[in-house]
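Trainee: Since the structure of chain A is provided, determine the placement of chains B, C, D and E on it from the hints.
Top to bottom, those sequences are chains A, B, C, D and E.
Per this note's numbering, the first sequence starts with residue 1, numbered consecutively.
Per this note's numbering, the second sequence starts with residue 1, numbered consecutively.
Per this note's numbering, the third sequence starts with residue 1, numbered consecutively.
Per this note's numbering, the fourth sequence starts with residue 1, numbered consecutively.
Per this note's numbering, the fifth sequence starts with residue 1, numbered consecutively.
To be clear, the hints were calculated from the coordinates, so they are not data collected in a lab.
Worth double-checking, as some hints may not be accurate.
Covered, in the sense of this in silico footprint (three residues per stretch, anywhere, with C-beta under 8 Å from a C-beta of chain E), are these stretches of chain D [to be verified]: (1) 22-31; (2) 183-192; (3) 195-201.
Using N, Cα and C, we set each Cβ at its ideal position, and we do this for glycine too.
These are the residues of each chain, in order.
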Amino acid sequence: MDLATIIGIIGAAAIIITAMVLSGGVGMFMDIPSILIVLVGSIFVVMAKFGLNQFLGAAKVAAKAFMFKSDDPAELIDEIVELADAARKGGLLSLEGKEVSSDFLQGGIQLLVDGHDPEVVKTLLSKDMNKSVERHEQGASIFGALADVSPAMGMIGTLVGLVQMLSAMDDPKSIGPAMAVALLTTFYGAVIANVICLPIAGKLRNRSESEILIKTLIIEGMQSILSGENPRIIEQKLHAYISPKLRASAFER
Amino acid sequence: MDLATIIGIIGAAAIIITAMVLSGGVGMFMDIPSILIVLVGSIFVVMAKFGLNQFLGAAKVAAKAFMFKSDDPAELIDEIVELADAARKGGLLSLEGKEVSSDFLQGGIQLLVDGHDPEVVKTLLSKDMNKSVERHEQGASIFGALADVSPAMGMIGTLVGLVQMLSAMDDPKSIGPAMAVALLTTFYGAVIANVICLPIAGKLRNRSESEILIKTLIIEGMQSILSGENPRIIEQKLHAYISPKLRASAFER
Amino acid sequence: MDLATIIGIIGAAAIIITAMVLSGGVGMFMDIPSILIVLVGSIFVVMAKFGLNQFLGAAKVAAKAFMFKSDDPAELIDEIVELADAARKGGLLSLEGKEVSSDFLQGGIQLLVDGHDPEVVKTLLSKDMNKSVERHEQGASIFGALADVSPAMGMIGTLVGLVQMLSAMDDPKSIGPAMAVALLTTFYGAVIANVICLPIAGKLRNRSESEILIKTLIIEGMQSILSGENPRIIEQKLHAYISPKLRASAFER
Amino acid sequence: MDLATIIGIIGAAAIIITAMVLSGGVGMFMDIPSILIVLVGSIFVVMAKFGLNQFLGAAKVAAKAFMFKSDDPAELIDEIVELADAARKGGLLSLEGKEVSSDFLQGGIQLLVDGHDPEVVKTLLSKDMNKSVERHEQGASIFGALADVSPAMGMIGTLVGLVQMLSAMDDPKSIGPAMAVALLTTFYGAVIANVICLPIAGKLRNRSESEILIKTLIIEGMQSILSGENPRIIEQKLHAYISPKLRASAFER
Amino acid sequence: MDLATIIGIIGAAAIIITAMVLSGGVGMFMDIPSILIVLVGSIFVVMAKFGLNQFLGAAKVAAKAFMFKSDDPAELIDEIVELADAARKGGLLSLEGKEVSSDFLQGGIQLLVDGHDPEVVKTLLSKDMNKSVERHEQGASIFGALADVSPAMGMIGTLVGLVQMLSAMDDPKSIGPAMAVALLTTFYGAVIANVICLPIAGKLRNRSESEILIKTLIIEGMQSILSGENPRIIEQKLHAYISPKLRASAFER
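Bound conformation, chain A alone (with noise of 0.2 Å):
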């Protein structure tokens, strides 16, 4: 899923430098100090809008969504029906120590080998939930934030460009070649918003959904396993989550 996002946003990004080339040579297109005004002053602004450590903090939850790989939901119902099977055989303490898959797991784990409630361990899990929802969409409203001053940092670089174009309009011949780099920041702008910028922010939200599934499905089974029930019906819950086409049940194998 998160190679699709790389894949995409690498393959415009090649669509935009063959466009290039076809045109001539990607050399003119290059032009240093137009990409930092358009994109340190696009960060500069968003950083005035959302504080150093939120802007910060954005940049690591979206790095992380890029490289750590999201649960599959099918193995997932496999791995809790076999910590429900394990429950029901040797108690709930016979869980502590297993190893899983995810650090959610782990907590909700020794939750129920602290002998909570079941009420307290939907409401503590619940709450790391929505902290990990929040982060993700702070994180996704930043870049939304960068998408939308990007293209106006772009413009106003543009309109740098052709006011001192046309302040010293002596040589026609300068004419051409200073209106195509004052428009290289409306380019830059355009792109960085459109090629990076939006489908970033449209995956973190698009994440965010898919961690709610599986912490959802991780709650559903704590719940399920701290009331005794069997782990056949436990399997059949959780798989209402998720597509038809997914549930391959662990007991027909």
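Mentor: Chains B, C, D and E in isolation, oriented as in the chain A frame:
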């Protein structure tokens, strides 16, 4: 209904092609690199946002929505009334193996035959309905994202062309044709968004609504059959969902 | 009220035609192909989105909304009070066959005469009201879609014209007129959207609101008659729905 | 408060006129046909959308909102406390004929004197309050519609001018002035929308909020008087609605 | 946090000034009349919309939000826990006259000392919190309105310049510089909106959220102290509002 979408898109495309022919020939509007830049670039960006699976899934949903005609609610009501009649005379079990027009109805009948509770029947069928609504919604939102991105990719392509043209303005005669080519990506972006993606997204949303109607009729009908209501009453109840003109009673023919 | 819409649209069109005449003649603004491209193209796109039936239905709804005057709420209240008076003196059955101003009121009276429950009367009439609100809403949304699409079709037409003009820039003298023609589709798109479609969509929404008022008055009135309330009280209750200036009591004339 | 609106609009207009004078004279910006096209055209379109009655009603509401100052909540509280004092000493009937600052308060007192229930008093006064809120809302939405339409009419006017200019480009010297005139409608559209209509619409919305405060104070006050509360308590309760700085108690002066 | 806003705005401005210097000097971008037209014009329009008092109040709120650092929630929890400890040992009255970090907390303590009900304490403090949220919201909405209006004023200024330039196109050499000056107002409008007003509006909204957190902590804390809860429990409860990293217990140091 789906015919209208195909005719509409083809008709609008034909109008635009006519405009091209009137202004001197289609040839000068065909620039394969420009088309690829806008189309492939937009697809990459949308893929970055949604992931490959969701993207391909949306294409499949859209294709299905165009190829299969949605059921006629009036005919469906007749069919349900017939089933109710058969169930009244021969019991619920007599419905087993009946040939019906849709898989969803088949699934509903199976639930009846299996002897489930009315509440369970409703819950299971509603969950299925919501899943397919969600799938259509996602299809619509991916085409909506394409419609957002393609004008931006068109503008990026035009900026590339303009920068190239302005950088090398030696021969005044080359300005016109170069700018014409630069504008082509903006043109393709506008066409892809307004003539193709937006109507398909709108269509998928409308289609979703008519499927909700169809499935609601089936859910209501199954429940009524299960509670042994009089077929005439069932027909009356279901007729309330459709417009008066379509309410020809099967009992008065 | 509907007169105002017609006067408004014609007035705005006349203003624009005046502007054309002032700037040298209407002739140069008439370009049949341009008009067809924008108008027919937009209609095709909207048809693709909504389907043929809905599209034609919307046209019918719009036509009706312009041709029939909506009822005067004050007169309607007088009429209901009269009916209440008659019902009090001669019983509900005496209302049968009364000539009334609207079909909806006629239907309501028929329900009274048929001896239905107040609850049933309310449910049936409300469902009918909601259906017509829905129809108006759909009409409004189709004109809204036309208003969204026509500027885009206008821009597409202008891009076609510009590309053609720029590709063949041999004779500098032809640039002006060619660009003038290219701009015409943008012009038509703006006029169709802002002068025709948006006011009609807004009008249909407003119209819907006044119909809700009228039908709410009738529903309330029918219920009051059915529960045998005093005509004076009925009048007072219904007057609460209209502005104080219109509350001339039938009993004080 | 309303003074600020008038000063604001006149000030912004003065700034724009100053800009005209600085750039060479107001004369070249005055083009009566252009003004009429944008202003009258926009009014026609808005009339088409809302109907004549609503349109004229909105103008009246706007005029009233500017001419009458809204009441000072602190003074109003003093007045209500005085009334409560009088009612405590001489009974509710002693309030009859008291001179008060607003019609709404007068109406409230009349309801007290008439011996209505607290519930009835609240219902009747609230309905009156909602009616006036609705009127202000409609006024605001009509000015909002004008602000939407006038830039579009300005663009239409400019397109007419451009098409005319481009069609007859014989004399290169005439291009500049012709284009200047064509741009005037865009200019008027922007000024009408941003300097006149949007602030008035915003003002009417703000005005509506302060009227709700005033009328809520009166409604609360009337109910408190009716239930014979201590004037000091009434003052305290009503002070909770206004900012601490304005809470000078009438009992401590 | 507020430092980030100041650094962000100054940084973005520095980037733009760098762009000016790179393109030939800041001088040609400084045009006092243009700045005044956009800035003063926008302020007049916003004043027309909100009234003078609200406008000046917003400026004050914004200034305060930048000058005063918002409290650190972790330190605040320590402080509340200390108060709870003191109240446990010496009774509520012993809290009188304690030096605390914020006025809001001081007000809360005063309510405790005065012996009010927990419900009353909550109501009074919540009302105070809502008032300050409202003030921040209004500040944000005024800066948001400035961000909406200033690009429009910039465009109006540019149109004035263009009309003037086009009307008097005698000397081709003057076209460039005249157009450069005309573009300056668009440039200023974009800078005022995107680099100054939008980040401040966003900041005030974020600031409001952190103040809500601080005040919610105080309200919860006051209630817990009043009901005589154990300081450790109070700490645990309040820690739930902040991120785990900040939850260093005062009892474990």
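Trainee: Find the hints from earlier in the document that the structure breaks and name them by number, from lowest to highest.
Mentor: Of the numbered hints given earlier, the structure breaks none, since each of them holds.
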